[in-house]
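Peer 1: All residue numbers for the sequence shown refer to the UniProt record's numbering, where the first residue is 1 and numbers rise by one.
Warning: the hint list may mix true and false statements.
Stated by the list, open to error - Here are the in silico distance ranges between beta carbons for each label pair:
1) E70 to H133: 30 to 36 Å
2) T13 to V125: 32 to 38 Å
3) T59 to I5: 24 to 30 Å
4) T25 to T103: 19 to 25 Å
5) D102 to G124: 14 to 20 Å
6) M100 to S47: 34 to 40 Å
7) G96 to G49: 18 to 24 Å
Said to hold, decoys possible - The calculated lysine-lysine pairs, modelled on BS3-like cross-linking and capped at a C-alpha distance of 27 Å, are:
8) K84 to K120
9) K4 to K84
10) K71 to K120
11) K67 to K120
12) K4 to K120
Because the hints were derived from the structure by calculation, they are not lab data. This structure is a prediction, so every number in the text was calculated from the model and none was measured. Yeah, the Cβ is synthetic: ideal placement off N, Cα and C, and Gly gets one too.
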Amino acid sequence: MLTKINHLGVAVTSIEEALPFYRDTLGMNFAGIEEVPSQLVKVAFLSIGESKIELLEPTSAESPVAKFLEKNGPGVHHVAYGVKDIEATIARLIAGGTRMIDTTPRNGAHGARIAFLHPKSSNGVLTELCEVHEGSH
Numbered sequence: 001m002l003t004k005i006n007h008l009g010v011a012v013t014s015i016e017e018a019l020p021f022y023r024d025t026l027g028m029n030f031a032g033i034e035e036v037p038s039q040l041v042k043v044a045f046l047s048i049g050e051s052k053i054e055l056l057e058p059t060s061a062e063s064p065v066a067k068f069l070e071k072n073g074p075g076v077h078h079v080a081y082g083v084k085d086i087e088a089t090i091a092r093l094i095a096g097g098t099r100m101i102d103t104t105p106r107n108g109a110h111g112a113r114i115a116f117l118h119p120k121s122s123n124g125v126l127t128e129l130c131e132v133h134e135g136s137h
């Protein structure tokens, strides 16, 4: 069902302030910044091996990431797993009793189709399913 860890989402108050640590200190490859209006975030992409780190900066006080930062401060926000067929994966999880935030996929960064599991179904970890097509990041 899952193919790999696609990325770790890290909530930050400022990409500009956080980026030098990941890019310069840790030496990760920086692949750019994209705004995802539907999620009310700006995302910086860094790669390490075949996985990525996404720095998530809220663009609105209404952003789920802004609410996360207010409650928890900066840190790991979610773990995203790659899947080949997001609809089938969602159906299988729901059939098994998993509580979903998204019962149908939505658009994420880099043209990915995404869906989130509710943390109450995944031991307190916000979990994202991420279907990325060949040629996408």
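Peer 1: Compare the structure with each hint and give your call.
Peer 2: Structure-based check of all given hints:
Remark: the range hint 30 to 36 Å for E70 to H133 is upheld by a beta-carbon distance near 35 Å. For the pair T13 and V125, the supplied restraint of 32 to 38 Å is violated, since their beta-carbon distance comes to about 21 Å. A beta carbon spacing of about 26 Å between T59 and I5 agrees with the range 24 to 30 Å that was offered as a hint. Distance hint for T25 and T103: a CB-CB separation of about 40 Å, inconsistent with the stated range 19 to 25 Å.
The hint said 14 to 20 Å for the Cβ distance between D102 and G124, and at roughly 18 Å that hint holds. Between M100 and S47 the Cβ separation comes to about 28 Å, which falls outside the hinted range of 34 to 40 Å. G96 and G49 have their C-beta atoms about 30 Å apart, which leaves the hinted 18 to 24 Å range violated. For the hint pairing K84 with K120, the CA-to-CA distance comes to about 24 Å; that is within 27 Å, so the pair holds.
Of the supplied pair hints, the one linking K4 and K84 holds, its CA atoms being roughly 10 Å apart against a limit of 27 Å. Between K71 and K120 the CA atoms are separated by roughly 17 Å; this keeps the pair inside 27 Å, and the hint holds. Annotation: proposed proximity of K67 to K120 holds, straight-line Cα distance about 17 Å (limit 27 Å). Distance restraint check for K4 and K120: the Cα-Cα separation of roughly 22 Å lies within the 27 Å cut-off, and the hinted pair is therefore satisfied.
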